[in-house]
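Read off the chains here:
There are 4 protein chains.
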Amino acid sequence: MDVFHFFGTEEQKRKWLVPLANGEIRSSFVMTEPGLASSDAVQISTSIRKEGSDYVINGEKIWITGAGDKRNKIYLLLGRTGTGQTKHDQHSVVLVPTDSPGITVLEPFMLYGFDDGGHGGHHRVKFENVRIPQSNLVGKEGMGFKIAQVRLAGGRLHHCARTVGLAERAIDLLKERLVTRTVQGGKPLKDLSVLRAELAEARISVDQMRLLVLDAAHKLDKYGSKDARASISMAKVRVPEQALKVINTAMEVYGGLGLSSHIPLASWYARTDSVKRMDGPCAVHREVVAKMELREFEKRKSKL
Amino acid sequence: MDVFHFFGTEEQKRKWLVPLANGEIRSSFVMTEPGLASSDAVQISTSIRKEGSDYVINGEKIWITGAGDKRNKIYLLLGRTGTGQTKHDQHSVVLVPTDSPGITVLEPFMLYGFDDGGHGGHHRVKFENVRIPQSNLVGKEGMGFKIAQVRLAGGRLHHCARTVGLAERAIDLLKERLVTRTVQGGKPLKDLSVLRAELAEARISVDQMRLLVLDAAHKLDKYGSKDARASISMAKVRVPEQALKVINTAMEVYGGLGLSSHIPLASWYARTDSVKRMDGPCAVHREVVAKMELREFEKRKSKL
Amino acid sequence: MDVFHFFGTEEQKRKWLVPLANGEIRSSFVMTEPGLASSDAVQISTSIRKEGSDYVINGEKIWITGAGDKRNKIYLLLGRTGTGQTKHDQHSVVLVPTDSPGITVLEPFMLYGFDDGGHGGHHRVKFENVRIPQSNLVGKEGMGFKIAQVRLAGGRLHHCARTVGLAERAIDLLKERLVTRTVQGGKPLKDLSVLRAELAEARISVDQMRLLVLDAAHKLDKYGSKDARASISMAKVRVPEQALKVINTAMEVYGGLGLSSHIPLASWYARTDSVKRMDGPCAVHREVVAKMELREFEKRKSKL
Amino acid sequence: MDVFHFFGTEEQKRKWLVPLANGEIRSSFVMTEPGLASSDAVQISTSIRKEGSDYVINGEKIWITGAGDKRNKIYLLLGRTGTGQTKHDQHSVVLVPTDSPGITVLEPFMLYGFDDGGHGGHHRVKFENVRIPQSNLVGKEGMGFKIAQVRLAGGRLHHCARTVGLAERAIDLLKERLVTRTVQGGKPLKDLSVLRAELAEARISVDQMRLLVLDAAHKLDKYGSKDARASISMAKVRVPEQALKVINTAMEVYGGLGLSSHIPLASWYARTDSVKRMDGPCAVHREVVAKMELREFEKRKSKL
Ligand SMILES: Cc1cc2nc3c(=O)[nH]c(=O)nc-3n(C[C@H](O)[C@H](O)[C@H](O)COP(=O)(O)OP(=O)(O)OC[C@H]3O[C@@H](n4cnc5c(N)ncnc54)[C@H](O)[C@@H]3O)c2cc1C
Ligand SMILES: Cc1cc2nc3c(=O)[nH]c(=O)nc-3n(C[C@H](O)[C@H](O)[C@H](O)COP(=O)(O)OP(=O)(O)OC[C@H]3O[C@@H](n4cnc5c(N)ncnc54)[C@H](O)[C@@H]3O)c2cc1C
Ligand SMILES: Cc1cc2nc3c(=O)[nH]c(=O)nc-3n(C[C@H](O)[C@H](O)[C@H](O)COP(=O)(O)OP(=O)(O)OC[C@H]3O[C@@H](n4cnc5c(N)ncnc54)[C@H](O)[C@@H]3O)c2cc1C
Ligand SMILES: Cc1cc2nc3c(=O)[nH]c(=O)nc-3n(C[C@H](O)[C@H](O)[C@H](O)COP(=O)(O)OP(=O)(O)OC[C@H]3O[C@@H](n4cnc5c(N)ncnc54)[C@H](O)[C@@H]3O)c2cc1C
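Heads up: the sequence lines are chains A, B, C and D, in that order. Take the first sequence: its position 219, counting from 1, is numbered 219 in the numbering used here, and each next residue is one higher. Take the second sequence: its position 133, counting from 1, is numbered 133 in the numbering used here, and each next residue is one higher. Take the third sequence: its position 19, counting from 1, is numbered 19 in the numbering used here, and each next residue is one higher. Take the fourth sequence: its position 148, counting from 1, is numbered 148 in the numbering used here, and each next residue is one higher.
Don't read these hints as lab results, they were simulated from the structure. Hints are supplied without guarantee of correctness; some may be wrong.
[Unchecked claim] Straight-line C-alpha distance at most 30 Å; calculated DSBU-like pairs for lysine-lysine:
{"no.": "1", "chain 1": "A", "residue 1": "Lys187", "chain 2": "B", "residue 2": "Lys299"}
{"no.": "2", "chain 1": "A", "residue 1": "Lys245", "chain 2": "C", "residue 2": "Lys146"}
{"no.": "3", "chain 1": "A", "residue 1": "Lys222", "chain 2": "C", "residue 2": "Lys219"}
Only a predicted model underlies this, so the values are computations on that prediction, with no experimental measurement involved.
Please put together the full structure from these sequences, using the hints given.
Have a look at this one:
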């Protein structure tokens, strides 16, 4: 929705933003391609070619979240228009209605055996001579990466915030188990100091995660996506990492049950592990943080 | 097979051990019950009641590995015969053919989103008035826990050994990715020092895991299951822990793909995480090690 | 100073608080005794006995920070007056001028090989028939633990805040090394992705530490030491832990030098490791957090 | 002693190896120079210049273990003779009696405030026109790095083995504390499951460390320093890392005392942390392991 809000024409907003905001329809962001590292996005090759008053799209995309959801009506697709000056303005974002002829939704990507259906699954999608009017261009040609950055900034924080929520619920399940399950001699698990220590560590982690997300959100609101960039990357690196540990603590205390589908912990684990990858793997976000740290340091030194 | 080997009658061996050893049939060990902590095994309540020349079995078991496999012909079931003197000799092991009337195999327990079908799944199984001849008793009445200990000792090491194997294969997949995948600028992943460091750590861990298993196996062969107990528990605690880290390293380097079912890493992760739970959770095995350490220390001190 | 502020008489404030606030003198809090776990404070046995209009003090205290500092003029000593009703009101705090006859400052406790002289060292101190006027009582008799709680709440946060500062300076030293040191082939350390990743992790940790301290400080200011208790304990557990990791990262990148006294990192490590112990070990603070979590959970459940 | 054994002339052995083996004298290996990364050893610049029948040595060395020990009679110094063909045969090892004119032993390098006197300290040493006969050359000119490799291979394992010993003693101190110290209510620490779990983890780590060292020692004996190289590097990386954790566990359970010089744990920690650095930092040894892993993988792949 951020994309429509910042870059959409009035017509585009009317047609798509309003039903999106009302929850009547859903959208997908369609960027990733097979065989291409996320840090190598300039090589994205799905073509968006002009033909008369239309654009014609050909290519293959993967990991498209929501592609399997019936309510999904619109793709925001990033592809190569290829008329820009530098390698960073060859790409554009266009709106592709999901019922356009030439689109095939292929097999889903699973997360630890789960289809993550609640989020509409993550599918491979093929585009063969898919035709859309040129008025479906978002912003201007060549603005693809700029638009992607805006979408991703908010998107990343959004994922982090939901991750904090899952971790918080994992703590509730953990406490539920501690007070109800007994071991040898009828002693409840909550009396074991080793589990109490783990509960405390989990609580501290969730509080730290939340503070980090709030801090980044505050910066995003106040200073915009560029100045919040390091903070968002910090949350993107640390929040899923800490959440996985918290969820794992809860899983472990449930014994075999913790892995099963009788309780939701394992699916939360899978989901959270995917947050480490979506919108750029942690490794790339660590790079962002390191680069800023060193840049700031060298600037400071040069002033001495 | 250890159970038949050590405790079976000639008749039992002929009927079951031979086809098991030939790989013609499979068996399950049937012990765990719902709502009961593994450390509380003395409370196992599935009843094995004498009636005429038969035993009649009633109860519910969970997490029965292999129950979903067609080739599975025989259950080694631990239940309560209840005629012993202390609370440790109330239980016995009996042989229950899987096609006995009164057995219902219910829903499987999943490992994350996987059914672990390769191992025959892990099912809930109900026993209602299941009737077997008394000659199906293994060993003597009241020997249930003794038999379970023997089976579990070997079983645990067996699981650890397979876990080392999975971790070793994860390293192969990791190296495959490092030499084939490139990032920005066409640089292969293997040139990144951060990933080389992770590869080294993975290799060291797998070697340490293997040495620990070999050491325990050596003790089990040489001194028997009692004297190898601490060593087996050590392997049971550390091996899956280190393996999970190794597999996770590989998964991470595969990005999104690492979670998917396109490559086997996520299913190996699930499998390995289950090894932490099966045959007693790590927490209980840590207890075993701690107890022996303290006992040895106090013995040594008292001699001074 | 908090103690004087909240519990001191006008006379006490005039005599001690003013010069303390002006930085002219220093004080020590004198509580810990040999052979007594911190969680067992009710057993503190240094006696404060009434004799005429005086108190007479006898006992031995350890780890008294600042006892070796010449500027230290006043001890706030917690000892047993022993006239209370329950075991929690047997203790009182009294003011003992450091030049009172009968006080002997004994050997210091080292932190690793450092005497922590900057903080005045941590000494064993003996009190033999030390006589002070009864007007030196702080608050009322039996209020010892209450006073200790107030002092410790602020003190703990204070230590955490300084710890964040040390970690921040460790990051500066880390960056200094990364940009100045070269390895084989003249490549600067900052070009190694493994060290960039560590820099990023260090930065994220320091930001998380700072947010946790600020959050607890905010609660302490707004709601008082009782309601801020869990938050302070959370900082007390997590902040030194994360700081040790950050400082260790910097130490490691300095190679051998990192351990030496040529740069301050090793002494910061020692200092930070002591923060884990002073004012109650982490284990006890984890207990505080766990207790509150479980209490809150059970209250919430009982309302359903 | 390895160096004399493998490379010494009969005369050199008689003069130095015999008293070394008898423990009458000690030696130092003198290689490291200020401002030079260990991975950049080819840049070592201390000069060994021929003059008549002598060598004349000029340069500065740091971290020379044992330089502060009176019993130390002989330096094995690696410097630049500079007549070789490639950059790897410019260096040679010579024997320099410690009482040669022109040698000044300067300030020690501390380890966390400890002078590590038991090992003779680690000093900066200056060589100004130090003159020795050419018969003091070890092996041939240009063999410096080859000799260094032999010395270091055995040296590294030796340090690892001693580190296992320290960790083992730390476990003894840990158990001593667990059985003697009580907390609130007179309960001994050994009854706390959180500390029992830590004891178990410590035991498992020490066993794993020992197995890794034994495995490398076995390979060194059987196949020589080249084929044992990866295994020695593995021990060099993992053993001090795990030992630090074990020692830290013990330190923590001793509370404040754990940091102090009243018990030896903190000095063992400092010593063990230095093992991570001496004879090449862990980072460099990880590189060795990674390189071998990838080489082996690519060889295996190319055979398919
Ligand atoms: C659940 C899920 C949902 C997704 N939804 C969408 C979607 O809706 N639309 C869409 O377009 N895409 C989507 N994606 C794709 C996602 O954005 C990519 O998976 C992500 O950018 C990571 O790319 P990758 O998997 O190719 O990993 P890669 O970029 O190949 O990285 C894999 C690994 O390589 C290593 N590595 C890479 N670069 C570096 C570096 N510079 N330094 C050190 N190590 C490095 C790291 O170990 C990293 O984890 C989704 C992915 C997932 C998992
Ligand atoms: C994949 C799989 C296959 C299995 N196959 C079989 C089978 O074929 N036949 C069969 O009979 N059973 C089988 N089991 C059951 C298995 O043996 C039990 O799951 C196992 O013993 C653990 O019991 P639990 O899950 O009830 O965990 P619990 O005993 O409830 O333990 C759960 C958690 O509680 C905590 N805890 C418990 N005790 C302590 C303690 N003393 N100190 C500290 N913390 C403690 C720990 O966090 C522990 O992880 C299988 C289980 C799995 C996961
Ligand atoms: C640098 C420094 C400065 C100090 N300054 C002062 C000062 O100025 N004035 C003063 O009075 N005191 C001072 N102290 C003393 C300090 O308050 C105590 O050291 C501290 O309270 C910890 O007590 P302890 O060392 O006896 O540890 P203990 O209480 O014996 O605890 C040691 C360990 O036992 C285990 N343990 C204990 N209880 C539990 C539990 N419930 N659950 C699980 N594990 C547990 C943990 O592993 C813990 O780390 C100082 C200490 C230090 C290190
Ligand atoms: C207690 C002690 C005793 C010693 N005794 C002797 C002695 O008797 N004789 C003697 O000659 N020398 C001795 N030394 C010196 C020792 O051999 C060197 O300290 C050691 O080789 C490490 O070199 P460095 O400290 O310069 O670390 P550096 O080589 O500068 O490395 C420092 C850090 O830089 C980073 N780094 C460096 N290279 C890489 C890389 N390739 N990839 C990733 N990161 C990297 C790592 O973080 C590493 O920890 C001793 C050292 C110590 C600490």
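Now for the hints, and whether the structure bears them out:
no.: 1; hint: Lys187/A x Lys299/B; verdict: holds, 29 Å
no.: 2; hint: Lys245/A x Lys146/C; verdict: violated, 37 Å
no.: 3; hint: Lys222/A x Lys219/C; verdict: holds, 24 Å
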